[in-house]
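Trainee: One-letter residues, chain by chain:
2 protein chains.
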Amino acid sequence: MIPRKFARYLPILDWGSRYDRAALGNDLLAAVIVTIMLIPQSLAYALLAGLPPEAGLYASIVPIMLYAVFGTSRALAVGPVAVVSLMTAAAIGNIAAQGTIGYGAAALTLALMSGLMLLGMGVFRLGFLANFLSHPVISGFITASGILIAASQLKYILGVPASGHTLIEMLTSLVSNLGAVNFWTLAIGLSATAFLFWVRKGLKPLLRAKGLSPAMADALTKAGPVAAVIVTTATVWLLGLDARGVNIVGAVPQSLPPLTMPSLSPELLKQLLIPALLISIIGFVESISVAQTLAARRRQRIDPDQELIGLGAANLGAAFTGGFPVTGGFSRSVVNFDAGAETPAAGAYTAVGLAIAALMLTPLIHYLPNATLAATIIVAVLGLVDLSILKTAWTYSRSDFAAVAVTMLVTLLVGVEAGVSSGVLLSILLHLHRTSRPHVAEVGLVPGTQHFRNIHRHEVQTDPTVLTMRVDESLYFANARFLEDSVTNRVTGDTALRHVILMCSAVNEIDLSAVESLEAINNRLSEMGVKLHLSEVKGPVMDRLKRGHLLDELTGQVFLSQYDAYQAVLEQKDAVAEQPASAS
Amino acid sequence: MIPRKFARYLPILDWGSRYDRAALGNDLLAAVIVTIMLIPQSLAYALLAGLPPEAGLYASIVPIMLYAVFGTSRALAVGPVAVVSLMTAAAIGNIAAQGTIGYGAAALTLALMSGLMLLGMGVFRLGFLANFLSHPVISGFITASGILIAASQLKYILGVPASGHTLIEMLTSLVSNLGAVNFWTLAIGLSATAFLFWVRKGLKPLLRAKGLSPAMADALTKAGPVAAVIVTTATVWLLGLDARGVNIVGAVPQSLPPLTMPSLSPELLKQLLIPALLISIIGFVESISVAQTLAARRRQRIDPDQELIGLGAANLGAAFTGGFPVTGGFSRSVVNFDAGAETPAAGAYTAVGLAIAALMLTPLIHYLPNATLAATIIVAVLGLVDLSILKTAWTYSRSDFAAVAVTMLVTLLVGVEAGVSSGVLLSILLHLHRTSRPHVAEVGLVPGTQHFRNIHRHEVQTDPTVLTMRVDESLYFANARFLEDSVTNRVTGDTALRHVILMCSAVNEIDLSAVESLEAINNRLSEMGVKLHLSEVKGPVMDRLKRGHLLDELTGQVFLSQYDAYQAVLEQKDAVAEQPASAS
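Heads up: the sequence lines are chains P and L, in that order.
For what it's worth, the UniProt record's numbering labels the leading residue of the first sequence as 1, then goes sequentially.
For what it's worth, the UniProt record's numbering labels the leading residue of the second sequence as 1, then goes sequentially.
Take the hints with a grain of salt, since some may be wrong.
Note: identical chains are not told apart, hence a pair may lie in one copy or across any two.
[As the list claims (entries may be wrong)] With a straight-line cut-off of 20 Å between C-alpha atoms, the simulated EDC-like cross-links for lysine to aspartate or glutamate are:
{"hint": "1", "residue 1": "Lys391", "residue 2": "Asp552"}
{"hint": "2", "residue 1": "Lys391", "residue 2": "Glu519"}
{"hint": "3", "residue 1": "Lys531", "residue 2": "Asp564"}
{"hint": "4", "residue 1": "Lys210", "residue 2": "Glu267"}
{"hint": "5", "residue 1": "Lys538", "residue 2": "Asp472"}
{"hint": "6", "residue 1": "Lys391", "residue 2": "Glu553"}
If you are wondering where the hints come from, they were derived from the structure by calculation, not from laboratory data.
Turn these sequences into a full structure, and let the hints steer you where they fit.
Mentor: Put into structure tokens, the structure is as follows:
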């Protein structure tokens with residue numbers, strides 16, 4: 001028997017023990033469909049990453065099998081995806097020239113580092129790091145990446161040499177080489193692109209109108225890229241277009257994934273540190289949202305920390321078998337799910353299918369034109385481009401809009417790593433800025449009730465000797481000084497004041513900085529002859545306060561409810577007012 | 001007449017128009033006391049910053065006058081302070097060698113950059129940036145700086161050459177040079193240190209016991225450093241100790257502050273960018289807390305943004321008159337306040353006193369031993385060292401402790417800039433981590449009331465078809481995914497569920513990421529046949545939600561109170577339960 005603690009790390013033990021013939025049948029069918037779809041996609045993403053086409057196949061075989069063992073999603077299909085491939089090209093492009101041995105080796109190292117980071121985050125339960133990527137930043141980044149990817153593929157459609165990692169570099173490089181456009185390449189590229197767009201938009205309704213079942217129509221639609229590959233490859237071969245300047249995939253080794261050893265040069269490791277971290281986090285975020293979405297449809301559970309381990313294992317697999325960084329892809333996972341995959345075994349069968357392809361079918365793609373692969377990429381990534389997020393964010397709030405806009409602009413104009421990093425930094429800064437000026441309302445008693453409301457919005461009862469301020473935010477270092485300033489400035493000019501009550505009903509947490517600010521407020525008020533009271537302090541906050549000195553030094557009291565506080569303070573005042581009378 | 005918008009930037013117009021003879025008398029008396037105290041302190045901090053002694057005097061003259069015009073604090077005394085002088089030495093030490101022209105020029109540039117940054121933060125109201133320095137980070141940094149400063153002065157007490165910017169570098173350098181200790185220097189250094197400690201701890205009680213008034217005892221105590229300067233200078237001169245290896249201040253020019261032009265070399269500006277930013281923020285935080293504390297004692301107001309302008313102007317003054325970065329100092333401000341300074345004019349009179357000193361008294365300090373200045377620094381900064389913050393933070397919370405400990409260790413072992421930066425980064429990360437896993441409680445109805453409480457802590461009433469989750473935190477990007485995971489995972493296994501109510505009474509704010517997570521939750525629940533409802537949504541949060549699509553897509557409703565929500569949902573259930581009965 002395997003102890004439970006191992007079982008936690010091996011979800012396969014759970015579903016594997018209940019695997020039956022029905023599940024096998026469904027998984028096999030899904031695997032066939034996904035395999036057919038993955039062949040052109042894998043070749044295309046290798047091209048996008050700047051690697052030889054077989055790397056795309058290799059990156060889809062062992063990783064998918066390792067994810068089947070360690071991952072928790074039943075339907076996730078792991079392999080090369082567009083955004084991660086783009087980030088791979090950007091990271092390695094600065095270090096080695098495309099086509100060199102160093103380039104391929106760096107891709108392996110990047111997969112190794114990303115795998116180790118994901119594993120580490122999983123084992124130490126650091127998945128929360130992915131939370132720092134806000135939705136606006138991710139949306140902005142993915143949209144900008146889609147545009148960048150499409151722009152990077154134009155050179156294959158036009159058949160001209162071009163280079164550059166930013167949108168402006170790419171476009172200027174393209175424009176300056178426009179004279180070298182190859183007619184045949186352009187003809188193939190444009191027709192493949194037009195065909196694939198039509199397949200995506202027009203084919204399915206047509207097939208449904210012809211009376212095909214939705215599932216059948218869907219499957220035929222997904223086969224579009226395969227059809228494009230077959231037709232254009234045959235055309236190039238039959239017309240001998242490669243001799244007329246059409247770039248083709250060329251000789252691809254017939255081989256199972258090779259055993260490879262990533263380079264461990266310290267210099268390389270250092271250069272790839274930040275890119276590997278960003279690739280890991282972006283890949284994880286993309287993968288987990290696909291996994292959660294699909295799992296919810298069947299009321300299945302996803303364990304984010306175990307997902308990190310599954311993706312980490314997949315990337316280690318890629319590193320040692322000639323691949324490059326991989327993650328759970330959206331389109332392939334949806335196909336897998338829609339095709340009826342029931343368990344991760346479907347992924348394993350897909351891997352077998354791709355292994356057979358790598359071993360047997362590679363001679364068939366010798367004449368496959370790069371323009372066709374570029375067309376499949378362009379059509380796929382334009383689905384990622386969603387400029388409506390700019391409008392949504394603008395309507396919602398200026399700071400969310402700023403996060404989207406900065407992420408998009410920096411990604412397009414500077415690069416993918418700078419884009420993600422600046423988006424993350426900006427969202428953190430904006431969040432801190434927002435919470436650094438919490439809403440602080442002066443409140444008074446609603447007559448006839450025990451409720452207290454904002455004095456500027458309601459007809460309420462107040463007393464010149466009592467000031468009640470309600471803080472609508474947890475208190476921590478970023479807003480501690482603001483509270484100090486607000487209270488001190490409000491009290492300074494008001495010589496009638498004798499009591500300040502801080503109403504803490506919306507304070508969920510309080511850190512040491514805030515406690516020290518409250519102590520400072522208490523001291524300053526004390527020097528002005530004003531007492532500080534607290535009301536409606538939540539349990540966890542009270543527990544914290546008991547650990548500091550504030551409660552010993554507080555000139556006033558802590559009241560359970562604001563009404564109690566107000567009553568008690570008014571009674572004190574009356575008692576003081578009566579005293580001189582009785583003494584005289 | 002001067003328009004009001006100018007008056008905002010010139011607080012002098014406010015207090016200047018009401019200046020009278022009584023205020024003049026008080027301000028003049030305070031100025032005399034502060035001038036006497038500032039002479040040795042200014043020389044000492046110049047030594048600490050690695051600059052010639054006159055730079056300390058110059059940095060105390062024009063800056064203090066400019067602050068008098070632009071600052072809002074009545075009692076703040078601006079000039080060189082220990083921590084900022086240490087940071088200056090650390091920043092310039094990497095760029096130029098002490099004693100070179102380049103070193104002095106870099107100090108001017110640093111003051112210029114710091115002045116411009118402070119002015120910029122003031123004009124653009126960016127004072128909130130200072131909030132990122134939490135109390136634990138500041139306390140840890142100031143304590144560690146105090147230790148570093150004391151260690152850096154030991155070489156003057158021992159009379160040996162030594163170097164280094166980290167504690168370990170300094171101590172190893174000292175130890176390796178111990179053979180070269182100069183007896184006379186050590187004798188002067190130790191006796192000055194012992195004398196100053198005794199003045200600080202023992203003299204005041206003694207004077208009070210002899211019947212002196214507290215004010216007089218205080219004034220005499222503050223004059224301790226001046227006495228030490230006079231006695232040791234006379235000793236060196238009379239015994240000719242400078243010929244026996246005692247390092248002395250030497251020739252100091254007799255001059256008013258010179259007009260200087262900071263270097264604007266782009267390379268230098270780039271190197272000093274981060275140090276200048278850190279010096280500005282640390283200086284501002286130190287200054288504003290002194291100003292706030294003193295202002296509260298007299299119910300005066302401090303405007304943080306205007307303080308930035310005042311400090312910015314002071315630093316620009318330092319940059320163009322042979323000084324180095326300055327800020328509001330704690331000890332000198334307290335002396336100024338205690339001596340009865342009523343308006344910033346006291347600062348201006350102090351400046352006049354110091355100008356006279358710079359012009360006339362510098363020949364008198366020719367034989368002043370560096371060891372005496374080092375002794376005044378050591379005694380002053382050991383007052384900053386407060387290791388109890390470690391214990392306070394440990395008792396309060398692990399994350400506050402981590403912030404203190406990391407700031408202290410990194411400051412001591414790596415350097416001041418790395419120390420502050422790592423402290424700030426760590427506190428931000430810990431804050432995000434804390435809020436990334438908000439407290440989410442499952443609640444039920446307390447029987448006989450309309451209150452809902454945690455089902456694990458109270459005897460409450462629940463229904464198997466209804467799940468109510470209360471989120472005790474504002475929802476934003478760092479915890480949006482956690483909420484998704486919590487709800488999805490809780491609902492997945494529970495097939496009886498038909499309604500999920502999110503109780504939002506503690507949600508003060510909600511950003512676009514959180515709204516999109518709520519949409520995702522709504523969709524996933526919808527696919528499981530479960531409705532999502534919201535209850536007790538605050539006004540500002542509701543306003544936000546109305547800007548997005550969530551309310552259109554929500555499968556359930558938004559209820560004013562949790563009790564309404566619970567009742568409505570149970571009625572729906574009864575209605576559904578009755579339907580099949582009536583249909584059959």
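Trainee: Against each hint, give a clear statement of whether it holds in the structure.
Mentor: Here is how each hint holds up against the structure:
{"no.": "1", "hint": "Lys391 with Asp552", "in the structure": "between (52 Å within a copy, 17 Å between copies)"}
{"no.": "2", "hint": "Lys391 with Glu519", "in the structure": "between (45 Å within a copy, 17 Å between copies)"}
{"no.": "3", "hint": "Lys531 with Asp564", "in the structure": "within (16 Å within a copy, 39 Å between copies)"}
{"no.": "4", "hint": "Lys210 with Glu267", "in the structure": "neither (60 Å within a copy, 71 Å between copies)"}
{"no.": "5", "hint": "Lys538 with Asp472", "in the structure": "both (13 Å within a copy, 10 Å between copies)"}
{"no.": "6", "hint": "Lys391 with Glu553", "in the structure": "between (51 Å within a copy, 18 Å between copies)"}
The structure shown violates just one earlier hint, number 4.
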